[in-house]
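Chemist: Sequence:
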Amino acid sequence: MTRPSRRVVPRLRFARLPLALACAALVFTGCTTPITKEGDAPDGPEYIRWMPDAFRAPVEQQLPRPKELWWQDFESEELNGLIDTALTNNYDLRVAVARVAQTRAQADVVKANESPTIDFGASYRNQAPGLGPGYASSTSQWGSQPLWQAGFLANYEVDLWGKKGFNTQSAFSQALASEYNRQAVALSLVGDTATTYFLVVSLDERIAVGERNLEAIRTVGRGLQRRVDRGDATIIDLSQQLILQTNTDASVTALKLQRERAFNRLAALVGRTPSTLKLQSRSIEKIKIPVISPGLPSDLLCRRPDVRRAEAALEAAKADLYAARANLLPTFALTGGAGYGSFLLSQLTMPQSLFYNITTNLVQNVFDGGRRRAEIQVASAKNVELLEAYANAVLSSLRDVEDSLSGVNLTAKQYESLNDSRVRAQRLAEMSAKVVERGGMDYVQLYEIQRTVLAAEDSAIGARNDQLRASVDLFKSIGGGTSLDNDPCLGGGRLPKADARWVEVQEKTDSAFAKKTAVGVNAAGQPGYEKNNGKGGVGPSLNQNPLQSPEVDFDLRPLPKAPAANSGDTAPNNPQPMPLPIVQQKP
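With our numbering applied, the sequence shown corresponds to residues 2 to 588, in that order.
What the hints contain is simulated information worked out from the structure, not anything from laboratory work. Misleading hints may appear alongside valid ones.
[To be verified] Label pairs and their in silico Cβ distance ranges:
{"id": "1", "residue 1": "Thr-277", "residue 2": "Leu-70", "range": "19 to 27 angstroms"}
{"id": "2", "residue 1": "Asn-81", "residue 2": "Asn-410", "range": "23 to 31 angstroms"}
{"id": "3", "residue 1": "Val-60", "residue 2": "Thr-235", "range": "57 to 65 angstroms"}
{"id": "4", "residue 1": "Arg-262", "residue 2": "Arg-425", "range": "27 to 35 angstroms"}
{"id": "5", "residue 1": "Asp-44", "residue 2": "Glu-76", "range": "54 to 62 angstroms"}
{"id": "6", "residue 1": "Glu-216", "residue 2": "Thr-277", "range": "48 to 56 angstroms"}
{"id": "7", "residue 1": "Ile-359", "residue 2": "Ala-151", "range": "33 to 41 angstroms"}
{"id": "8", "residue 1": "Leu-280", "residue 2": "Ala-113", "range": "48 to 56 angstroms"}
{"id": "9", "residue 1": "Pro-65", "residue 2": "Ala-217", "range": "19 to 27 angstroms"}
{"id": "10", "residue 1": "Ala-113", "residue 2": "Pro-147", "range": "54 to 62 angstroms"}
{"id": "11", "residue 1": "Asp-120", "residue 2": "Leu-330", "range": "22 to 30 angstroms"}
[Stated by the list, open to error] Pairs of lysine to aspartate or glutamate residues, derived as EDC-like cross-links and limited to a Cα-Cα distance of at most 20 angstroms, are as follows:
{"id": "12", "residue 1": "Lys-287", "residue 2": "Glu-76"}
{"id": "13", "residue 1": "Lys-383", "residue 2": "Glu-286"}
{"id": "14", "residue 1": "Lys-435", "residue 2": "Asp-307"}
{"id": "15", "residue 1": "Lys-68", "residue 2": "Asp-54"}
{"id": "16", "residue 1": "Lys-279", "residue 2": "Glu-79"}
{"id": "17", "residue 1": "Lys-414", "residue 2": "Glu-403"}
{"id": "18", "residue 1": "Lys-287", "residue 2": "Asp-74"}
{"id": "19", "residue 1": "Lys-289", "residue 2": "Asp-467"}
{"id": "20", "residue 1": "Lys-289", "residue 2": "Glu-61"}
{"id": "21", "residue 1": "Lys-383", "residue 2": "Asp-74"}
{"id": "22", "residue 1": "Lys-414", "residue 2": "Asp-307"}
{"id": "23", "residue 1": "Lys-287", "residue 2": "Glu-78"}
{"id": "24", "residue 1": "Lys-414", "residue 2": "Glu-79"}
Where a beta carbon is used, it is the ideal one built from N, C-alpha and C, also for glycine.
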C-alpha cells in the first residue's frame with residue numbers, strides 16, 4: 002500500500018497547485034483605491050468653473066440643430082462627393098486611423114500585465130561531475146549526469162495597491178484620446194475640404210468676372226486707339242486706358258495663380274492627384290448658406306473632439322500619478338512551477354518524476370536614490386500641465402465659437418452691402434456704355450467707372466466666399482453635427498472616465514478593445530484588419546465613420562456596492578445604473 006500512496010500524493014498536490022495560486026491571488030487583490038493627497042489637481046470640468054451660461058455674440062432662438070452630415074446643408078452634390086472621397090482617401094486621416102489601432106493594441110498590452118503568465122518549457126542538461134564541480138574525489142567518480150525536464154512555470158505579481166489597474170486605466174484613456182484625435186482630424190478635414198472647394202469656385206468666378214471686364218476694357222482701348230488715329234483723342238487718354246488694361250490683366254493672372262494653388266491643395270485633401278480631379282461648379286452664388294444653432298457653451302465639453310481628447314489625456318495623467326504613488330508600496334509576487342524531471346528520458350513521464358514548487362516574494366524598496374519619488378513629481382507635474390492644457394482647450398473652443406458667430410453675422414451684412422454695390426455698379430456700367438457711344442462722357446469718368454465695376458463684382462464674390470467660410474467655421478467650432486435625437490452632448494455633457502463601464506460598452510462596438518488581428522492594407526489601398534480565414538487578405542477599411550464619436554450616454558452615478566456579508570440582503574441597496582445605450586456603427 003506504500004507504493005500506490007507515493008504515486009497518488011504528488012498528483013493530488015499538483016492538482017491543487019493552480020487552486021492554491023488562485024486563492025492566494027484573490028486574498029491579496031482588491032485594494033485599488035487611489036492614493037490621493039491634498040492639493041491634487043481637480044478633474045477637468047471641476048476646474049473650469051468660469052464656463053459661461055451663454056455666448057456673448059447674439060444667437061437667434063429656435064434655430065435648427067446641425068445634422069450629423071452637416072456639409073450636406075450647403076446643398077452641393079459636388080461638395081458632398083469631394084468630402085466622401087476625402088474621408089476615404091485622405092492620408093492624414095489614414096495616419097490617425099493607424100494610430101488608433103496602435104493605441105488600442107497598446108491598451109491590450111498593458112491590460113495583459115494584470116494577468117498571470119504561464120510558460121511551458123523543456124530542457125536537457127548534462128554536467129560532469131554529476132554532483133557538481135569539486136565533488137569528484139577521484140577520476141573514477143568523474144562521470145556525467147544528464148537531466149531531462151519538461152513542465153509549466155507560472156508567474157503572477159499581485160496588484161496589491163492597484164498599480165496595474167491604474168496603468169490599464171491610463172492606457173484606455175490614451176486610446177480614447179486617440180479616438181478623439183481621429184475624430185478631430187476628420188472634422189478638420191471636412192472643414193478644410195469645404196472651405197478650399199468654396200475658395201476654388203469663388204476664384205473661378207472672380208477670374209471669369211475679371212476676364213469679362215478685361216475684354217470690355219480692351220474693346221474700349223481699341224476704340225480709343227482708332228480715335229487717336231483720327232485725332233479725336235489724345236495719347237494721354239490711350240495711355241491711361243492701356244495702364245488700366247495691363248493692371249487688370251495682371252490681377253486676373255494673380256487670381257489664376259491663387260486658383261491653381263487652391264486646386265492643388267483640394268486635390269491633396271481628397272487624396273487625388275490634380276490631373277485626376279475635375280470640378281464642374283463655376284458659381285459660388287448657387288451654394289446655400291445654412292443657419293444653425295450653436296447650442297450652449299457647456300455643450301462644447303462633450304461635442305468638441307479636441308476638448309474631449311484633452312480630458313482623456315488628463316484622465317491618463319491622473320491614473321499615471323496614482324500608479325506612481327502605488328509604486329512606493331511593497332510588491333508581492335507568486336511563482337509556481339510543475340512538471341516532470343528525470344535523469345533518464347525513458348522515465349520522464351513516470352509518477353515518481355513529477356515535481357512542483359511554489360515561491361512567494363514580498364519586496365519593499367528601501368533605497369533607489371529617490372527615483373520613485375522623482376517619478377511621482379514628474380507624474381504630478383504632468384497632471385497639472387494637462388489640466389491647464391484642458392482649460393486652454395476649453396477657452397480656445399469658446400473663442401472659436403464667438404469668432405464664428407461674429408463672422409456669420411458680420412459677413413452676412415458685408416455681403417448684403419457689397420452685393421447691393423455690385424448691382425448698382427452693373428447698372429452704372431450699362432448706362433455709361435450708352436453715354437460713351439453718344440460721346441457724352443469724358444475718359445476720366447470712364448476709367449473710374451470701369452475700375453469701380455470690376456472692384457464691386459470682385460468684392461461681392463469674395464464676400465460670398467467669406468460668408469460660406471464663416472458658416473463652415475461655425476460648424477467646426479461647435480464640433481460638427483449631432484447624430485442622436487437625445488444626444489448626450491447637448492445640455493452640458495462631460496467625458497466619462499475610462500473605467501470598467503466604458504470598456505464594457507466599447508467591447509460591443511467597432512471601437513472594441515478586444516483581441517484583434519494585425520492591421521494591414523486591403524486591395525483598395527486602405528488600412529484594415531487582417532482576416533483569420535486561413536486565406537489571408539485584409540478586411541474593410543478602418544476609416545469608416547471617422548466622424549462618429551466613441552462616446553456614449555454614460556450613467557455617471559457610482560457603481561452599486563455589494564451588500565455586506567452579514568446583512569442578509571440578496572441585492573444591493575444602491576440603485577442599479579441605467580442600461581448603457583450602444584452607439585450602432587453604420588455599415
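Chemist: For the pair we were handed, Lys-289 and Glu-61, check the Cα-Cα distance against 20 angstroms.
Modeler: Cα-Cα ~19 angstroms, so holds.
Chemist: If you check the beta carbons of Asn-81 and Asn-410, does the distance land in 23 to 31 angstroms?
Modeler: 27 angstroms, holds
Chemist: Per the hint of 54 to 62 angstroms, is the separation of the Cβ atoms of Ala-113 and Pro-147 within bounds?
Modeler: 37 angstroms, violated
Chemist: Decide if the proposed pair is consistent with the structure: Lys-289 and Asp-467, CA atoms, cutoff 20 angstroms inclusive.
Modeler: Holds, at roughly 13 angstroms.
Chemist: Does 54 to 62 angstroms hold as the CB distance between Asp-44 and Glu-76, or does it fail?
Modeler: 42 angstroms, violated
Chemist: Verify the CB-CB distance for Pro-65 and Ala-217 against the hinted window 19 to 27 angstroms.
Modeler: At roughly 43 angstroms between Cβ atoms, Ala-217 and Pro-65 fall outside 19 to 27 angstroms, so the hint is violated.
Chemist: Evaluate the given range 22 to 30 angstroms for the C-beta pair formed by Asp-120 and Leu-330.
Modeler: 27 angstroms, holds
Chemist: 48 to 56 angstroms was suggested as the range; check whether the CB atoms of Leu-280 and Ala-113 agree with it.
Modeler: 51 angstroms, holds
Chemist: For the pair we were handed, Lys-414 and Glu-403, check the Cα-Cα distance against 20 angstroms.
Modeler: With a Cα-Cα distance of about 17 angstroms, the restraint between Lys-414 and Glu-403 holds, given a limit of 20 angstroms.
Chemist: Starting from Lys-287, check that the Cα of Glu-78 is at most 20 angstroms away, please.
Modeler: 12 angstroms, holds
Chemist: For a C-alpha distance cap of 20 angstroms, please report whether Lys-414 and Glu-79 respect it.
Modeler: 27 angstroms, violated
Chemist: Decide if the proposed pair is consistent with the structure: Lys-383 and Asp-74, CA atoms, cutoff 20 angstroms inclusive.
Modeler: 42 angstroms, violated
Comparing the model with each numbered hint stated earlier shows that hints 5, 6, 7, 9, 10, 13, 14, 15, 21, 22 and 24 do not hold.
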